[in-house]
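S.K.: Chain by chain, the residues:
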Amino acid sequence: GAGVSQSPRYKVAKRGQDVALRCDPISGHVSLFWYQQALGQGPEFLTYFQNEAQLDKSGLPSDRFFAERPEGSVSTLKIQRTQQEDSAVYLCASSSLRDLYNSPLHFGNGTRLTVT
Amino acid sequence: QQPVQSPQAVILREGEDAVINCSSSKALYSVHWYRQKHGEAPVFLMILLKGGEQKGHDKISASFNEKKQQSSLYLTASQLSYSGTYFCGTVAYGGATNKLIFGTGTLLAVQP
Numbered sequence: 002g003a004g005v006s007q008s009p010r011y012k013v014a015k016r017g018q019d020v021a022l023r024c025d026p027i028s029g030h031v032s033l034f035w036y037q038q039a040l041g042q043g044p045e046f047l048t049y050f051q052n053e054a055q056l057d058k059s060g061l062p063s064d065r066f067f068a069e070r071p072e073g074s075v076s077t078l079k080i081q082r083t084q085q086e087d088s089a090v091y092l093c094a095s096s097s098l099r100d101l102y103n104s105p106l107h108f109g110n111g112t113r114l115t116v117t
Numbered sequence: 224q225q226p227v228q229s230p231q232a233v234i235l236r237e238g239e240d241a242v243i244n245c246s247s248s249k250a251l252y253s254v255h256w257y258r259q260k261h262g263e264a265p266v267f268l269m270i271l272l273k274g275g276e277q278k279g280h281d282k283i284s285a286s287f288n289e290k291k292q293q294s295s296l297y298l299t300a301s302q303l304s305y306s307g308t309y310f311c312g313t314v315a316y317g318g319a320t321n322k323l324i325f326g327t328g329t330l331l332a333v334q335p
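One line per chain: the protein sequences are R and Y, in this order.
Be aware that the first sequence starts at 2, since it is given in this note's numbering, and climbs by one per residue.
Be aware that the second sequence starts at 224, since it is given in this note's numbering, and climbs by one per residue.
Be aware that one or more of the hints could be misleading.
What the hints assert, rightly or not - Derived Cβ-Cβ restraints for the label pairs, each shown as a range: (1) Y:Thr327 - R:Ser88: 38 to 46 Å; (2) Y:Gly238 - R:Asp64: 47 to 55 Å; (3) Y:Thr327 - R:Arg65: 23 to 31 Å; (4) Y:Val242 - R:Gly41: 18 to 26 Å; (5) Y:Pro230 - R:Arg65: 31 to 39 Å; (6) R:Ala39 - Y:Ala250: 26 to 34 Å; (7) R:Gln85 - Y:Gln231: 21 to 29 Å.
For the record, the hints were derived by calculation from the structure and aren't laboratory data.
Since the structure is predicted, the reported quantities are computational estimates derived from the model, not experimental observations.
Note that the Cβ used here is the ideal one computed from N, Cα and C, for glycine as well.
Same shape as in the complex, but just chain R (with noise of 0.2 Å):
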């Protein structure tokens, strides 16, 4: 089946612009996560999702990042006013249970954000 699908795979700002992220997850799957990976580093936590609800968004960086998944399956990842240390790739990945101790993620390719 279908994997996990984010748009668009390249996006460049000019600093200051507003920018949405979309992330497509596999049909089904209840939880749904934000990661931001930073050029040869780990992917970074932003948040969390549980179907629509967002029940952990401790990692978001600032106000300026904002999440959405209204129906509970695709989800919107917006960053205001973007700033050069936004740039980043911005992983999307979801999971079949609502617990991640015994369940796999899965990731989509990411959105390479560059801000200029």
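Following the hints, complete the assembly by docking chain Y onto the known chain R.
M.R.: The following block gives chain Y in isolation, referenced to the frame of chain R:
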């Protein structure tokens, strides 16, 4: 809080073996392992659960020492396709069981 992996990088010839280690400062429910090739998504390899249960890959093995909060990934008879960056991910006690914290990464290059 981020798990520490060692080595940071390793270069192998095809057919050689490698061990990648992951160490956490927290008591763990489970450890995940993922491989990421350049420009691609991380791909799930294995989950190791408290109590010894494993879920994942046929050709890669791993261990989980719960008392030491450490895990090791064993790559035997390496193939060119094994090249990439390996990340462990941990689910810790005392935190949310729906949060996976990734390690520092190990870059593996397999040469012909």
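S.K.: Tell me, in ascending order, the numbers of any earlier hints that this structure violates.
M.R.: The structure breaks only hint 1.
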